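**Student:** These are the residues of each chain, in order.
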Amino acid sequence: DAEITQSPRHKITETGRQVTLACHQTWNHNNMFWYRQDLGHGLRLIHYSYGVQDTNKGEVSDGYSVSRSNTEDLPLTLESAASSQTSVYFCASSESGTGNEKLFFGSGTQLSVL
Amino acid sequence: RKEVEQDPGPFNVPEGATVAFNCTYSNSASQSFFWYRQDCRKEPKLLMSVYSSGNEDGRFTAQLNRASQYISLLIRDSKLSDSATYLCVVANSGYALNFGKGTSLLVTP
Numbered sequence: 002d003a004e005i006t007q008s009p010r011h012k013i014t015e016t017g018r019q020v021t022l023a024c025h026q027t028w029n030h031n032n033m034f035w036y037r038q039d040l041g042h043g044l045r046l047i048h049y050s051y052g053v054q055d056t057n058k059g060e061v062s063d064g065y066s067v068s069r070s071n072t073e074d075l076p077l078t079l080e081s082a083a084s085s086q087t088s089v090y091f092c093a094s095s096e097s098g099t100g101n102e103k104l105f106f107g108s109g110t111q112l113s114v115l
Numbered sequence: 005r006k007e008v009e010q011d012p013g014p015f016n017v018p019e020g021a022t023v024a025f026n027c028t029y030s031n032s033a034s035q036s037f038f039w040y041r042q043d044c045r046k047e048p049k050l051l052m053s054v055y056s057s058g059n060e061d062g063r064f065t066a067q068l069n070r071a072s073q074y075i076s077l078l079i080r081d082s083k084l085s086d087s088a089t090y091l092c093v094v095a096n097s098g099y100a101l102n103f104g105k106g107t108s109l110l111v112t113p
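These protein sequence lines are chains A and B, in that order.
All you need for this note's numbering is the position in the first sequence, starting with 1, plus 1.
All you need for this note's numbering is the position in the second sequence, starting with 1, plus 4.
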């Protein structure tokens with residue numbers, strides 16, 4: 002069955018370190034997204050991609066970057082981790098179409114920056 | 005102002021009750037509307053899309069009022085398994101979705 006997987010599930014790192022969170026989907030979806038979820042804020046969009054070599058900034062993109070070298074993967078990199086980036090990160094994907102596209106989410110990565 | 009606003013609750017209701025959640029959105033050009041469900045420490049999952057004419061899926065009914073920029077979700081005959089956080093979701097142009105903070109529902113025996 003097609004799926005979307007995130008790794009690692011949990012990560013503890015120190016401030017200032019570079020961290021990369023992996024997201025891999027086998028749906029062959031063009032659209033991929035990274036969200037973070039924090040108490041009091043809900044889900045906020047970090048970066049997204051509509052296809053290979055396409056990347057776009059979301060609402061809270063500062064301190065994060067993504068790259069899209071193939072359809073299946075959209076890794077999220079924290080250039081220099083900060084305590085404010087402690088959060089749950091969700092990757093998602095959807096098909097391109099005319100609207101009402103369903104988002105498929107990964108199981109999330111709990112990141113703690115100490 | 006947040007683009008999608010929801011009452012965070014929590015809503016505590018007994019089994020069998022009917023409960024309604026409301027949501028407002030600020031962008032009049034918004035094009036697509038959804039309700040997602042999220043269980044504790046899990047990923048969000050699509051509950052249902054919301055259409056202008058209103059739509060029903062079993063015990064769940066969704067309504068959209070474009071003039072008032074208002075979306076609702078009605079759950080009839082609540083089950084214990086309905087306990088979750090319900091996220092109101094709006095799409096503008098493109099495919100990125102804007103999520104409300106969610107409304108927490110607890111159904112009690």
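A portion of the hints provided could be inaccurate.
[To be verified] Under the rule of at most 20 Å between Cα atoms (straight-line distance), these lysine to aspartate or glutamate pairs were calculated in the EDC-like manner:
#	chain 1	residue 1	chain 2	residue 2
1	B	K49	B	D86
2	B	K46	A	D63
3	A	K103	B	E19
4	B	K46	A	E80
5	A	K103	A	E4
6	B	K6	A	D39
7	A	K12	B	D61
8	B	K83	B	D61
9	B	K49	A	D2
10	A	K103	A	E73
11	A	K12	A	D55
12	B	K49	A	E4
13	A	K58	A	D39
14	B	K83	B	D43
15	B	K6	A	D63
16	A	K103	A	E15
17	B	K83	B	E19
18	B	K49	B	D61
19	A	K58	B	E7
20	A	K103	A	D63
21	A	K12	A	E80
22	A	K12	A	D2
23	A	K58	A	E80
24	B	K46	B	E7
25	B	K49	B	E60
26	B	K6	A	E60
27	B	K49	A	D39
28	A	K12	B	E7
29	B	K49	A	E96
30	B	K83	B	E60
[What the hints assert, rightly or not] For the chain B half of the interface with chain A, some residues (derived, Cβ under 8 Å), not all of them:
#	residue
31	A21
32	A24
33	C44
34	E47
35	L51
36	F64
37	L101
38	G104
39	K105
40	G106
These are computed hints drawn from the structure, not numbers from a lab.
None of these values were measured; they are calculated from a predicted model.
Glycine residues also receive a C-beta, built at the ideal position from the N, C-alpha and C atoms.
**Student:** With reference to the structure, classify each hint as holding or not holding.
**Tutor:** Going down the list of hints, with the structure as the test:
Straight-line distance between C-alpha atoms of B/K49 and B/D86 comes to about 13 Å, which keeps the hinted pair within the 20 Å bound. Taking the CA atoms of B/K46 and A/D63, the gap is about 25 Å. The hint is violated against a cut of 20 Å. With a C-alpha separation of about 30 Å, the suggested pairing of A/K103 with B/E19 is violated against the 20 Å cut-off. With a C-alpha separation of about 26 Å, the suggested pairing of B/K46 with A/E80 is violated against the 20 Å cut-off.
Proposed proximity of A/K103 and A/E4 is supported: the alpha carbons are some 13 Å apart, at most 20 Å. The straight-line distance between the Cα atoms of B/K6 and A/D39 is roughly 15 Å, inside the 20 Å bound, and the hint therefore holds. The straight-line distance between the Cα atoms of A/K12 and B/D61 is roughly 39 Å, outside the 20 Å bound, and the hint therefore fails. At roughly 15 Å between alpha-carbon atoms, B/K83 and B/D61 fall within 20 Å of each other, so this suggested pair holds.
Restraint check for B/K49 and A/D2: the C-alpha separation of about 17 Å stays at or below 20 Å, so the hint holds. At roughly 17 Å between alpha-carbon atoms, A/K103 and A/E73 fall within 20 Å of each other, so this suggested pair holds. About 27 Å separates the Cα atoms of A/K12 and A/D55, which puts this hinted pair outside 20 Å; it is violated. Taken as a hint, the B/K49 and A/E4 pair is honoured in the structure, with Cα atoms around 13 Å apart against an allowance of 20 Å.
Between A/K58 and A/D39, the direct Cα distance comes to roughly 19 Å. Compliance with the 20 Å bound is thereby established for this hinted pair. Using a Cα cut-off of 20 Å, the hinted pair B/K83 and B/D43 holds, with the two alpha carbons roughly 14 Å apart. With a CA separation close to 19 Å, the supplied pair B/K6 and A/D63 stays within the 20 Å bound. About 35 Å separates the Cα atoms of A/K103 and A/E15, which puts this hinted pair outside 20 Å; it is violated.
A distance of roughly 5 Å separates the Cα atoms of B/K83 and B/E19; the hinted pair therefore holds under the 20 Å criterion. For the suggested pair B/K49 and B/D61, the alpha carbons sit about 15 Å apart, so the restraint of at most 20 Å is met. Taking the CA atoms of A/K58 and B/E7, the gap is near 17 Å; set against the 20 Å cutoff, the hint holds. Of the supplied pair hints, the one linking A/K103 and A/D63 is violated, its CA atoms being roughly 27 Å apart against a limit of 20 Å.
For a cut-off of 20 Å, the pair hint linking A/K12 to A/E80 stands: about 15 Å separates their Cα positions. At roughly 27 Å between alpha-carbon atoms, A/K12 and A/D2 are farther apart than 20 Å, so this suggested pair is violated. Restraint check for A/K58 and A/E80: satisfied, since their Cα atoms lie roughly 15 Å apart, inside the 20 Å limit. With a CA separation close to 24 Å, the supplied pair B/K46 and B/E7 exceeds the 20 Å bound.
Among the hinted pairs, B/K49 with B/E60 is consistent with the structure: their alpha-carbon atoms are about 17 Å apart, no more than 20 Å. About 11 Å separates the Cα atoms of B/K6 and A/E60, which keeps this hinted pair within 20 Å; it holds. As the CA atoms of B/K49 and A/D39 are separated by approximately 17 Å, the hinted pair is consistent with the 20 Å bound. At roughly 31 Å between alpha-carbon atoms, A/K12 and B/E7 are farther apart than 20 Å, so this suggested pair is violated.
Our distance criterion of 20 Å between C-alpha atoms is met by B/K49 and A/E96, whose separation comes to about 16 Å. A hinted pair counts as satisfied when its Cα atoms are at most 20 Å apart, and B/K83 with B/E60 qualifies at roughly 17 Å. Because the closest C-beta pair between B/A21 and chain A is about 25 Å apart, greater than 8 Å, the hint is violated. The restraint placing B/A24 at the interface with chain A is violated, with a minimum CB-CB distance near 20 Å, outside the 8 Å limit.
Here the hint on B/C44 is broken, as its CB sits about 12 Å from the closest CB of chain A, past 8 Å. Annotation: B/E47 was flagged as interfacial toward chain A, and the flag holds, the nearest CB pair being 4 Å apart, inside 8 Å. The beta carbon of B/L51 is not positioned within 8 Å of any beta carbon in chain A (closest approach about 11 Å), and the interface hint is therefore violated. The interface hint given for B/F64 is broken, as the beta carbon of that residue sits about 16 Å from the closest beta carbon of chain A, more than 8 Å.
Given the 8 Å rule on beta carbons, the hint for B/L101 holds: about 6 Å separates it from the nearest Cβ of chain A. Evaluation of the B/G104 hint against chain A yields a held restraint, the C-beta minimum of about 6 Å falling below 8 Å. Hint on B/K105 holds. Least Cβ distance to chain A is approximately 4 Å, under the 8 Å limit. Interface restraint check for B/G106: the shortest CB-CB distance to chain A comes to about 6 Å, inside 8 Å, so the restraint holds.
Checked against the numbered hints listed earlier, the structure breaks hints 2, 3, 4, 7, 11, 16, 20, 22, 24, 28, 31, 32, 33, 35 and 36; every other hint is satisfied.
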